[in-house]
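J.: This is what each chain is made of:
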Amino acid sequence: MMLMSPELKTVKEVNENQCQICMPLGAVMAMKGIEGSMTLVHGSQGCSTYMRLSMVEHFNEPVDIASSSLNEKQTIYGGEENLRKGLDNVIRVYHPSVIGVVTTCMTETMGEDINRMIDTYLTDRKLYDVDIIPISTPSYSGTHTEGFWTAIRDIIVYYSGPTKPNECINIILPQVSPADTREIKRILDLMEIQYILMPDISQTLDRPFKTTYEKIPPGGTKKENIARMSGARATIQFGYNCPENLSPGTYLEEEFGVPLYNLPLPVGLQNMDTFIETLRSITHKQVPDSLILERGWLCDAMADSHKYMAEVHPAVYGEPELAYAIYSLCLENGSIPEIVATGTNCQVFQKHLQSLMKREKQSSIKYEQVDFSIIEAESIRTGVNLAIGHSGGKVLTERLNIPVVRVGYPIHDRVGGQRILTVGYSGTLSLLERMVNAYLEEKYRTYRQLRKAEYYDNGGIIHAET
Amino acid sequence: MEITCSQVIGGVTSPCLVERQNSVITTGTSKNRIHCADDSVAGAVSQRACVFCGARVVLNPITDAAHLIHGPVGCASYTWDIRGSLSSGSEMYRNSFSTDLKERDVIFGGEKKLGLCIDEIVEKYHPPAIFVYATCVVGIIGDDIIAVCKERTQKHGIDIIPVESSGFISGNKIIGYRAAGNALIRLITPKEGEVIPKTKKINFLGEYNLGGEKWLIERYLKELGIEINVACTGDSTVEALKQIPGGFLNLVQCTGSMHYIARLLEENYGTPYIDVNFFGAYNTAESLRRIAQFYGEPSMIERAENLIERETSRIKPSIDYYRSKLAGKRAAIYVGGAFKALAIIRQLKELDMEIVFCGTQTGKQEDYEQIHDMLSAGSIIADDTNPAEIERFLIEKKVDIMAGGVKERVLAHKLGVGFVDHNHDRKDCLAGYDGAIHFAHEVYVTCCSPVWKHIRKKPSWG
Numbered sequence: 005m006m007l008m009s010p011e012l013k014t015v016k017e018v019n020e021n022q023c024q025i026c027m028p029l030g031a032v033m034a035m036k037g038i039e040g041s042m043t044l045v046h047g048s049q050g051c052s053t054y055m056r057l058s059m060v061e062h063f064n065e066p067v068d069i070a071s072s073s074l075n076e077k078q079t080i081y082g083g084e085e086n087l088r089k090g091l092d093n094v095i096r097v098y099h100p101s102v103i104g105v106v107t108t109c110m111t112e113t114m115g116e117d118i119n120r121m122i123d124t125y126l127t128d129r130k131l132y133d134v135d136i137i138p139i140s141t142p143s144y145s146g147t148h149t150e151g152f153w154t155a156i157r158d159i160i161v162y163y164s165g166p167t168k169p170n171e172c173i174n175i176i177l178p179q180v181s182p183a184d185t186r187e188i189k190r191i192l193d194l195m196e197i198q199y200i201l202m203p204d205i206s207q208t209l210d211r212p213f214k215t216t217y218e219k220i221p222p223g224g225t226k227k228e229n230i231a232r233m234s235g236a237r238a239t240i241q242f243g244y245n246c247p248e249n250l251s252p253g254t255y256l257e258e259e260f261g262v263p264l265y266n267l268p269l270p271v272g273l274q275n276m277d278t279f280i281e282t283l284r285s286i287t288h289k290q291v292p293d294s295l296i297l298e299r300g301w302l303c304d305a306m307a308d309s310h311k312y313m314a315e316v317h318p319a320v321y322g323e324p325e326l327a328y329a330i331y332s333l334c335l336e337n338g339s340i341p342e343i344v345a346t347g348t349n350c351q352v353f354q355k356h357l358q359s360l361m362k363r364e365k366q367s368s369i370k371y372e373q374v375d376f377s378i379i380e381a382e383s384i385r386t387g388v389n390l391a392i393g394h395s396g397g398k399v400l401t402e403r404l405n406i407p408v409v410r411v412g413y414p415i416h417d418r419v420g421g422q423r424i425l426t427v428g429y430s431g432t433l434s435l436l437e438r439m440v441n442a443y444l445e446e447k448y449r450t451y452r453q454l455r456k457a458e459y460y461d462n463g464g465i466i467h468a469e470t
Numbered sequence: 015m016e017i018t019c020s021q022v023i024g025g026v027t028s029p030c031l032v033e034r035q036n037s038v039i040t041t042g043t044s045k046n047r048i049h050c051a052d053d054s055v056a057g058a059v060s061q062r063a064c065v066f067c068g069a070r071v072v073l074n075p076i077t078d079a080a081h082l083i084h085g086p087v088g089c090a091s092y093t094w095d096i097r098g099s100l101s102s103g104s105e106m107y108r109n110s111f112s113t114d115l116k117e118r119d120v121i122f123g124g125e126k127k128l129g130l131c132i133d134e135i136v137e138k139y140h141p142p143a144i145f146v147y148a149t150c151v152v153g154i155i156g157d158d159i160i161a162v163c164k165e166r167t168q169k170h171g172i173d174i175i176p177v178e179s180s181g182f183i184s185g186n187k188i189i190g191y192r193a194a195g196n197a198l199i200r201l202i203t204p205k206e207g208e209v210i211p212k213t214k215k216i217n218f219l220g221e222y223n224l225g226g227e228k229w230l231i232e233r234y235l236k237e238l239g240i241e242i243n244v245a246c247t248g249d250s251t252v253e254a255l256k257q258i259p260g261g262f263l264n265l266v267q268c269t270g271s272m273h274y275i276a277r278l279l280e281e282n283y284g285t286p287y288i289d290v291n292f293f294g295a296y297n298t299a300e301s302l303r304r305i306a307q308f309y310g311e312p313s314m315i316e317r318a319e320n321l322i323e324r325e326t327s328r329i330k331p332s333i334d335y336y337r338s339k340l341a342g343k344r345a346a347i348y349v350g351g352a353f354k355a356l357a358i359i360r361q362l363k364e365l366d367m368e369i370v371f372c373g374t375q376t377g378k379q380e381d382y383e384q385i386h387d388m389l390s391a392g393s394i395i396a397d398d399t400n401p402a403e404i405e406r407f408l409i410e411k412k413v414d415i416m417a418g419g420v421k422e423r424v425l426a427h428k429l430g431v432g433f434v435d436h437n438h439d440r441k442d443c444l445a446g447y448d449g450a451i452h453f454a455h456e457v458y459v460t461c462c463s464p465v466w467k468h469i470r471k472k473p474s475w476g
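Going down the list, the protein sequences come from chains W and U.
The numbering used here applies: residue 5 is where the first sequence begins, and numbers increase by one.
The numbering used here applies: residue 15 is where the second sequence begins, and numbers increase by one.
Derived by calculation from the structure, the hints in this document are not laboratory data.
All C-beta atoms in this analysis are idealised placements derived from N, C-alpha and C, irrespective of residue type, glycine included.
Keep in mind that a hint or two might mislead.
Said to hold, decoys possible - Keeping only pairs whose Cα atoms sit at most 27 Å apart, straight-line, the calculated DSSO-like set for lysine-lysine is:
id, chain 1, residue 1, chain 2, residue 2
1, U, Lys330, W, Lys89
2, W, Lys77, U, Lys428
3, U, Lys428, U, Lys441
4, U, Lys412, W, Lys219
5, U, Lys126, U, Lys164
As the list claims (entries may be wrong) - Cβ-to-Cβ under 10 Å is the rule here; a few derived chain W residues that face chain U:
id, residue
6, Thr53
7, Phe213
8, Thr401
9, Gln453
10, Arg455
11, Glu458
12, Asp461
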């Protein structure tokens, strides 16, 4: 456990109430944004079932993830036969055009060579219409964040090659909601920009009710388009805090010379302005009036809520991209978070937070590899009065009466995790107002008793004397 | 021949995969016995979990114990506060501790880190016991968790219990229940020379106090004149569990998870056990009678009959109302264990509903025979089914409501089918007479919800 604040140097071993999930989960989520795809988790049956449960609870969607269902025997003698049978069955029932084979801590420790196994399988079966992409995600090497970037990068590497230049801009998203994905697409469409967006979970993890059901949901980034990413005029990647070695945009830049603009997630006025400015500078397109209107409404809301925001002392936690963007949103609205934290081990995140704090002349305690026992203890110590992050923060409400504004993943105790909107001018506006209103609800619920306890009768006098 | 996903052969519904052909039968038509209790078919998208999951859900409700998962972080985060079990005291069990193994630990071994994590938990919380769960990686790298637990038990003077639950041992939770059972036996075995005196109290095995169910049944038993020694494991404490050998009788509710322990307790302490089932009015009455008869006191039998009569007539108007709304509707069931499946079948039948599909993750041959006998001809029974099959059964059998867990819920909703939550994370009491009303109410609100009519209707312009 690394505590990065200067005043807290304790290092503890045990992780108590987790702020992060495991690496294969991130890879499964990334695969969900590829058209016609299925994922097979190479490991024991429980892994895929836990991932399904976690995703089902968040997205409220059926999420089918296959497993090679290794048991004791295969663990000793090797899992190739199960992997092959698993692939056979997935192809038979789901007819996918892409299959991601995701490893687990177990198969990585066993030393399973999935690249070779997949090659042999493809040769033996003479399969030409299914792409099978091996993705290595040993969960002891990272969290779902690293798993996500690893998968996106591996998928791009798989499909990339020399290609004709095209007019598109690559848009690479971190783990955001289907609603966020739709909002980014809407903004790009408003600006009449041609783009290849990946991963596109806008429908695959949030499908409308229909009278017919398809096992693999429609939507997702087309593999032909992924293959064209190496010929795009630029890449905008919202992977500002993504480690260099995992960065898909860096790969496209280094291998194919596609210029990379690695930006913070467009949550908050400044981050969103940066996104629009970048689009403008690449394409020289005009910003449409409707977007200018939306920006105006956000600015108006910022003016109306700034005094409330000054009273909000939040704890911001979760996946690095979202935590960073929300942290900067707080600062630009005059709210100084007491804590900003992520469950993953991410030095870029630390570095970026440091420079943001320096620029804004503010400081907050920042943590990497955090757990909720730390967030809880620090929230008490620093007087946090609002939490912004995923459902793990429910302990803060239960134990400390701190309301949680739910954003990020996982949201398993409320409906609509798939439709939480945070990006864009309008997403920022809605997030800002959710934060202010969550604070006001608590304030108006308690201020009468608090003021009475503080000033009425003897209580006040004793207080004044001490 | 490859069987595609929409085939009915000779009136018999078939699964999507040839390998699963014998795991799906149609009552009255299929000649073969069901194939069950085997490993899941790779790539079939089984709804099963793993040994660790089974062990974790059985032990988790022990309220004042710390639960430490030895492995990379995932297994702990997926199971943090996973059950709806309630506590009358400590909330310790709602925390999830992980040794959070990193690459270095996997290479050099995680025993040292495990020891340090135990030390930290003891220092911070002083729990009476810590359960240390082995996960897949730990099983492969060969960390000796038994030795670490033994050594730390001596150091701290509290019970530090290893749970041998490496996930790869099996995809069947039943094996995990056994791992939990062994851990429990380790915990409750009296120290040498120590004797736990026999009482007239009962142990209530396989009761997890979801939505306060244990407390409700406790009221009934009190009315009969019986005290609960301890429930296993709903709202239990380490201290109370150690009194298990003093029980007069063991009630076994969740048979899948607790028969193993009941047999061990009978062998070791001579405590007899009987099966009970408090889901549904009929089952509740039957169970109360069975318990009273075991004690054999005429006054107790009379008190049981009075309770049954009073409660049955109390809930009758509600049940009658729901029956009038639900009679003839078609239901599907897919749950973890056969005990739960049987209880739900009976309750739905009490509402005059028809069960057209029933399956379980962990059922055994004799369980499926019992299920078979309770369903009318032409119903589907499936072991270890998967989403593709469930989808097909729900459509083919024109199901109105499905009872199951979280993964089944979203699929049912996507197909426009109502859903009743019978998962281990549920928040409401479904046991006893109160539970019978809650259950019927839940079936009613989902089955007869106006949303189905509206969302299926095409708009005039569409």
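J.: Broken hints, numbered, in rising order?
T.: Failing hints, ascending: 1, 2, 8, 9, 10, 11, 12.
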